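Chains as they are written, first to last, in numbering that gives the first Met the number 0: chain L, 0 to 216; chain H, 0 to 280.
Hints listed in this document are in silico derivations from the structure and should not be mistaken for laboratory results. Model, not experiment: these values are computed from the prediction. Beta carbons are placed, not taken as given, at the ideal position from N, Cα and C, and that holds for glycine. It is possible that some hints are incorrect.
So the derived list for chain L, only partly shown, Cβ under 10 Å to chain H, looks like this [as the list claims (entries may be wrong)]:
(1) 56
(2) 67
(3) 92
(4) 96
(5) 99
(6) 102
(7) 104
(8) 126
(9) 197
(10) 198
Subject to a maximum C-alpha distance of 30 Å in a straight line, what follows is the list of computed DSSO-like cross-link-like pairs (lysine-lysine) [stated by the list, open to error]:
(11) L:5 to H:40
(12) L:153 to L:54
(13) H:53 to L:109
(14) L:5 to L:109
(15) H:53 to L:153
(16) H:222 to H:244
(17) H:53 to L:5
(18) H:53 to L:207
(19) L:153 to L:21
(20) H:53 to L:21
(21) H:40 to L:21
(22) H:40 to L:54
(23) L:54 to H:53
(24) H:9 to L:54
(25) L:54 to L:5
(26) L:109 to H:103
(27) H:53 to L:206
(28) H:53 to L:209
(29) L:21 to L:109
(30) H:103 to L:5
(31) H:154 to H:244
(32) H:53 to H:40
(33) H:9 to L:5
(34) H:9 to H:103
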Amino acid sequence: MSLTQKLTEALAGGLQQIGQIKILTDHDLAPFVLVHLDDEDADFSSLEAHLTPEKAREIGLYTPDGVYRFTKGEMSLSGGWLLLLQSPGEVRQALDLFYPASLGLWAAWKDGSVRIQNLRDKLGRQTGMYRHAANVSDVGAQELIQSVCGPANKCVKKILWQLDENSPLDDSEASRFNGIVDNSAESNAIPLVCQEACNYFVAQARKKSKEEFEAKA
Amino acid sequence: MNFSSKLSPKPEAALLIVGHGSTENPDSSTPYFDHAAEIRKRGLFAEVHCCFWKEEPSMREALYMIDAEEVYIVPDFISEGYFTRDVIPRELELTGPTTQVYGKTLHYCDPVGIHPSMTSLILQRTEEVAPEVPPEESTLFIVGHGTGLNKNSTKAIRDQVELIQTLPENRFASVQDTYMEEAPLISEWDQLAETPNVIVVPFFIADGLHSYQDIPVMLGFEKEEGKAASQKEVFRRNPYQLRDKTLYYSAAIGAEPLMADVILDQIATFDAQHVAHTETH
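Given the sequences, and given the hints that come with them, work out the whole structure.
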């Protein structure tokens with residue numbers, strides 16, 4: 000079954016939310032209306048309406064304060080817009096721009112085929128300037144997870160990985176977060192899942208490892 | 000100029016465009032999305048996606064977005080080097096030109112910047128930025144970064160210079176490779192050019208600090224303290240009268256919409272070299 004078919008099925012089954020986006024399938028404006036969660040109850044005529052899924056990249060590019068959003072799992076999506084789409088294929092394309100690969104990762108996670116890479120393996124495969132990230136201590140890595148990941152740091156992905164096979168993440172808001180914003184019901188939402196630490200995390204691990212090295216010297 | 004790739008449709012296959020991306024400059028990934036949109040519009044592939052080193056989706060995440068079993072991977076990079084030889088194969092778990100992994104067949108094409116059809120693109124760009132300027136009285140500079148770290152990045156530019164020089168229709172008085180950080184330096188453009196007109200084409204995929212600010216400062220028409228992405232204005236004020244010459248400055252070559260054709264040409268080349276060969280055995 001294609002991802003578009005899986006999405007169609009999920010929408011028919013009551014799916015309404017992913018990240019900070021509400022998906023409406025019963026609105027007069029279009030077969031599929033995407034809107035920011037904060038604008039769900041707004042007067043839709045006051046929102047800027049767009050008709051193409053490609054617009055999603057532009058909408059998701061900056062925070063409301065004008066800061067570039069290079070990590071899309073960040074809880075800083077701007078509101079004030081409507082995306083009026085005609086087909087599940089268009090919804091899929093828009094979601095892949097708002098939350099890249101999240102639909103596919105969710106489908107793989109659900110059917111048990113997602114390939115999770117633990118942090119030590121992820122750091123161990125780095126080369127070039129990032130190879131030093133692997134030297135970060137376990138304590139340092141656990142601290143980083145709490146200072147980089149999770150809703151407190153605006154990342155709203157559910158972390159699937161551990162430090163290594165035998166070392167789960169320390170209990171924290173970041174490690175507990177289920178990938179669904181606003182405590183919405185799990186049955187109606189696609190959680191954002193994180194199958195391995197992102198490259199921003201790797202860059203932070205490199206910095207942390209450097210700090211640890213300098214502190215020892 | 001007729002510049003349309005002859006690649007046959009691949010309605011069962013996906014195209015995955017790989018870019019560098021940036022955590023600082025949102026313009027950096029715009030060309031990749033533009034190239035993807037252009038190819039998607041032509042309906043040649045079942046799916047067209049982008050993935051990045053510094054942005055999302057990462058290369059590891061990208062395969063989850065794709066339904067198709069056959070995937071053509073094209074590095075939207077200007078040269079061969081660390082990323083195309085080490086990082087992309089490692090991240091996508093590629094073991095050769097064609098790799099079977101996780102139920103998919105992945106074809107790994109060469110980076111766009113080394114394809115011979117880049118030559119036509121550069122010439123088209125010169126016609127756009129300096130229309131009606133006689134090539135016989137002009138020097139064309141192709142500018143790269145230049146660094147001791149990656150000899151291949153300068154090779155890609157030298158190859159393009161040689162290709163243009165050998166074209167029978169080339170009428171430029173001179174075509175030269177220049178660099179930001181190694182000789183021949185673009186900052187010495189007025190000494191390197193013997194003609195009254197000079198056309199400068201940055202050999203980068205995306206417009207960013209190098210093309211908005213660094214090269215304009217080296218050419219002498221922007222001040223160092225100028226606003227970083229004081230944006231595409233620098234490309235709109237042509238020509239510049241500087242150092243007793245008339246200078247025409249182009250946007251980065253990768254920002255050209257026809258780069259979509261180079262991506263398709265790179266796939267056609269891959270098929271000619273690998274797929275046809277495989278099918279005959």
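To see whether the hints hold, each was checked on the structure:
| no. | hint | result |
| --- | --- | --- |
| 1 | 56 | holds (6 Å) |
| 2 | 67 | holds (5 Å) |
| 3 | 92 | holds (9 Å) |
| 4 | 96 | holds (8 Å) |
| 5 | 99 | holds (4 Å) |
| 6 | 102 | holds (7 Å) |
| 7 | 104 | holds (5 Å) |
| 8 | 126 | holds (6 Å) |
| 9 | 197 | holds (7 Å) |
| 10 | 198 | holds (6 Å) |
| 11 | L:5 to H:40 | holds (24 Å) |
| 12 | L:153 to L:54 | holds (23 Å) |
| 13 | H:53 to L:109 | holds (27 Å) |
| 14 | L:5 to L:109 | holds (11 Å) |
| 15 | H:53 to L:153 | holds (18 Å) |
| 16 | H:222 to H:244 | holds (19 Å) |
| 17 | H:53 to L:5 | holds (29 Å) |
| 18 | H:53 to L:207 | holds (19 Å) |
| 19 | L:153 to L:21 | holds (18 Å) |
| 20 | H:53 to L:21 | holds (28 Å) |
| 21 | H:40 to L:21 | holds (28 Å) |
| 22 | H:40 to L:54 | holds (15 Å) |
| 23 | L:54 to H:53 | holds (21 Å) |
| 24 | H:9 to L:54 | holds (26 Å) |
| 25 | L:54 to L:5 | holds (23 Å) |
| 26 | L:109 to H:103 | holds (20 Å) |
| 27 | H:53 to L:206 | holds (16 Å) |
| 28 | H:53 to L:209 | holds (20 Å) |
| 29 | L:21 to L:109 | holds (21 Å) |
| 30 | H:103 to L:5 | holds (19 Å) |
| 31 | H:154 to H:244 | holds (28 Å) |
| 32 | H:53 to H:40 | holds (26 Å) |
| 33 | H:9 to L:5 | holds (23 Å) |
| 34 | H:9 to H:103 | holds (15 Å) |
Hint violations for this structure: none, all hints satisfied.
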